[in-house]
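Going down the list, the sequences are from chains A and B.
For the first sequence, position 168 (counting from the first letter as 1) is numbered 168 according to UniProt numbering, and the numbering increases by one without interruption.
For the second sequence, position 120 (counting from the first letter as 1) is numbered 120 according to UniProt numbering, and the numbering increases by one without interruption.
Worth flagging that the hints you see were computed from the coordinates, not collected in a lab.
Treat each hint with caution, since some may be false.
[Said to hold, decoys possible] In silico DSS-like links for lysine-lysine, alpha-carbon gap of 30 Å or less:
id	chain 1	residue 1	chain 2	residue 2
1	A	Lys-502	A	Lys-21
2	A	Lys-201	A	Lys-506
3	A	Lys-158	B	Lys-147
4	A	Lys-201	B	Lys-16
5	B	Lys-47	A	Lys-158
6	A	Lys-158	B	Lys-16
[Unchecked claim] Facing chain B, from chain A, some residues (calculated, C-beta under 10 Å):
id	residue
7	Ala-109
8	Leu-155
9	Lys-158
10	Met-220
11	Ala-224
12	Gly-247
13	Leu-323
[To be verified] If you want the footprint, here are the derived chain B segments under chain A, 3+ residues with CB under 8 Å:
id	segment
14	11–21
15	81–89
16	143–156
All C-beta atoms in this analysis are idealised placements derived from N, C-alpha and C, irrespective of residue type, glycine included.
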Amino acid sequence: MSTVAAAHDDHDHHHAPTGLKRWLFSTNHKDIGTLYLWFSFAMFLAGGFMAMIIRAELIEPGMQFVDPEFFNQMTTVHGLTMVFGAVMPGFVGLANWLIPLMIGAPDMALPRMNNWSFWILPFAFTILLSSVLLSAFGHGNPSAPNFGWTFYAPLSTKYGPASTDLFILSVHMMGISSIMGAINVIVTVFNLRAPGMTLMKMPLFVWTWLITAFLLIAVMPVLAGAVTMMLTDRHFGTSFFDAAGGGDPVLFQHVFWFFGHPEVYIMILPAFGIVSAIIPTFARKQLFGYASMVYATASIALLSFVVWAHHMFTVGMPLAGTLFFMYMTMLISVPTGVKVFNWVATMWRGSMTFELPMKWAITFVILFTCGGLSGLMLAITPVDFQYHDTYFVVAHFHYVLVSGAVFTMFAAAYYWLPKWSGMMPNKVLGELHFWNSLISVNLLFFPMHFVGLAGMPRRYADYALQFADYNFWISIGGFWFGLSQLFFLAVCLQCALKKGEKAEAKPWDGAEGLEWEVPSPAPFHTFDTPPVVK
Amino acid sequence: MSNDDLQARNARTLKKLLIWAVAMFGFAFAMVPFYNVICDITGLNGKTSNTAATQSPETVVEDRVVTVEFITQNGAGVNGSFYAKTHRVRVHPGEITLVNFYASNPKDHDIITQSIPSITPGQAARYLHKTQCFCFDQQTLTAGEMKEMPMIFYLDPELPKHITTLTLSYTMFDVTERVTGTDNKSDTVVR
Chain A
1 MSTVAAAHDD HDHHHAPTGL KRWLFSTNHK DIGTLYLWFS FAMFLAGGFM
51 AMIIRAELIE PGMQFVDPEF FNQMTTVHGL TMVFGAVMPG FVGLANWLIP
101 LMIGAPDMAL PRMNNWSFWI LPFAFTILLS SVLLSAFGHG NPSAPNFGWT
151 FYAPLSTKYG PASTDLFILS VHMMGISSIM GAINVIVTVF NLRAPGMTLM
201 KMPLFVWTWL ITAFLLIAVM PVLAGAVTMM LTDRHFGTSF FDAAGGGDPV
251 LFQHVFWFFG HPEVYIMILP AFGIVSAIIP TFARKQLFGY ASMVYATASI
301 ALLSFVVWAH HMFTVGMPLA GTLFFMYMTM LISVPTGVKV FNWVATMWRG
351 SMTFELPMKW AITFVILFTC GGLSGLMLAI TPVDFQYHDT YFVVAHFHYV
401 LVSGAVFTMF AAAYYWLPKW SGMMPNKVLG ELHFWNSLIS VNLLFFPMHF
451 VGLAGMPRRY ADYALQFADY NFWISIGGFW FGLSQLFFLA VCLQCALKKG
501 EKAEAKPWDG AEGLEWEVPS PAPFHTFDTP PVVK
Chain B
1 MSNDDLQARN ARTLKKLLIW AVAMFGFAFA MVPFYNVICD ITGLNGKTSN
51 TAATQSPETV VEDRVVTVEF ITQNGAGVNG SFYAKTHRVR VHPGEITLVN
101 FYASNPKDHD IITQSIPSIT PGQAARYLHK TQCFCFDQQT LTAGEMKEMP
151 MIFYLDPELP KHITTLTLSY TMFDVTERVT GTDNKSDTVV R
């Protein structure tokens, strides 16, 4: 707080620092939010480029462009970059920008830690991605991590390439960054709410992020523990996961998925919050069932700790174990269903208009539900034995992550860009971005269900001839989707360079919330004196 | 609220959350012994007991026959042959049975090996008692040696009725480096 207070004192001659220092030393939640968002977008493009390599290799059967070894590195680093580099920092960026504005706080509670948690990330990803550059261009054929983003032991311990240690270090750094970001969110929400902003008056985005932050603090240290065990197994003679020394490789999967399942909710709960902000705005109705949304989010978070073994039905578990994890997993569809029905009920008989944020939000509701349904199919233990590690799984998690999490980030960007930049996003480019993404994302991921059900396994550089036609179209969808994102880059650049139509303080007439009460673009310091919420 | 109050409150919340994060880091490690206990109770990972059974069976259930199969695999660093003399025995629960295993070391230097057992279905792990097993200790195979390694076991008469076939698998690992690199206690199994 001292920094914020100090910044207030010399308000006149220290309004907005300029140049590189402004970004390097920033303790301002808006600047740090902007850094996070651009970083996330850069990682989205980098991870997307790796996906293009994967799809190019798979466009026809046989080996085309890369050798299978490099293909494995691409699937691994694509996953890691998207999960830890694009989706998670993207949501942290939104939290930074929006939470203080939404609860009437002048800044995040711990601004210096905020700066630190961002600036760790570029270093973490330099370390991780350097292994890919070394693999592509280095002498002596070094390998980047090649064991899949889930880095199962012993693939990543006994058989991992030397760069596994770079991976371990970078995961540690990402973990520290996420934990600090999460702590900052919780402290801000608990201690800095404006007078009258009770917990049950908070916008749902704040609620979902608060719960996400608790999940992060609970499971990121477990991930850190898992990679620490890997490190000691690799170099210090322990045998947590090494059968030869009395360890158990299956233990790795338990530890990993104890982190991994809450992690998937970390990547989707903030998305729920965004959609719950946008749909009421453009339906011009109050959100249906606010309290039930809060309780549903909390129950999803709690249930996420008791479903992890559904990722590992095929390792061989007692019947009672598989039944427990199967039913618990299916139970999650109840609170999730509550949410979907609430969104639909909010739209029901609303005065709906279909501006860009609303288009993305409605698309999210439909496509996320598709991904949820294939998740329910995967939850059924006997069925999972067939689907396990096929493209059906790939289709499932890309539906929830791309047309789920990533699409809501687009929705959020189109919705709040006027507030962030003071500019309305370009409508023509935005429409092009939306329609191209919508069609291509389905061309890309929907046929994966079919090839998966027919038995095409994931993480292979080649496939049987019978899958050739579908894979051709999947690849076309992939390139199309990848190129469509350049429209979004253009939209963002136009807003950043202040080109186009200026935005009013409240550009959406149905919008509610404190963030619309400050001018657009939001000034460097807002809510120096807290607003009073009635 | 004054600035100092707020700072103190922030620091308090920060401290609590940090403690929680550190505790969860510890929890990841606590999962290891916890997992081992769960496995001992449920046989989740099919590991049989690491110590010799001291009690002999009270009864032999003559009217029940269970098939026990043996499979063997070479783990990392082992390239000799490793096999059980019989691949399948049919036993009564409570009947004491000896099966000989053989392992060879075609290398020109001695190796220290450790065999790791695993049983399918895992549920049966608690009901297989070994009074002697080459897997209890590390076995040294001298250069060019073919070694006979006995394993004596009996099945608990309490073995659940639906289990009619057990498969006992051994994977033999070369742990020479691990042992000579650390200490020379040949009977230590790091758990």
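Report the numbers of all earlier hints that the structure fails to satisfy, in ascending order. The structure breaks hints 6, 8, 13, 15 and 16; every other hint is satisfied.
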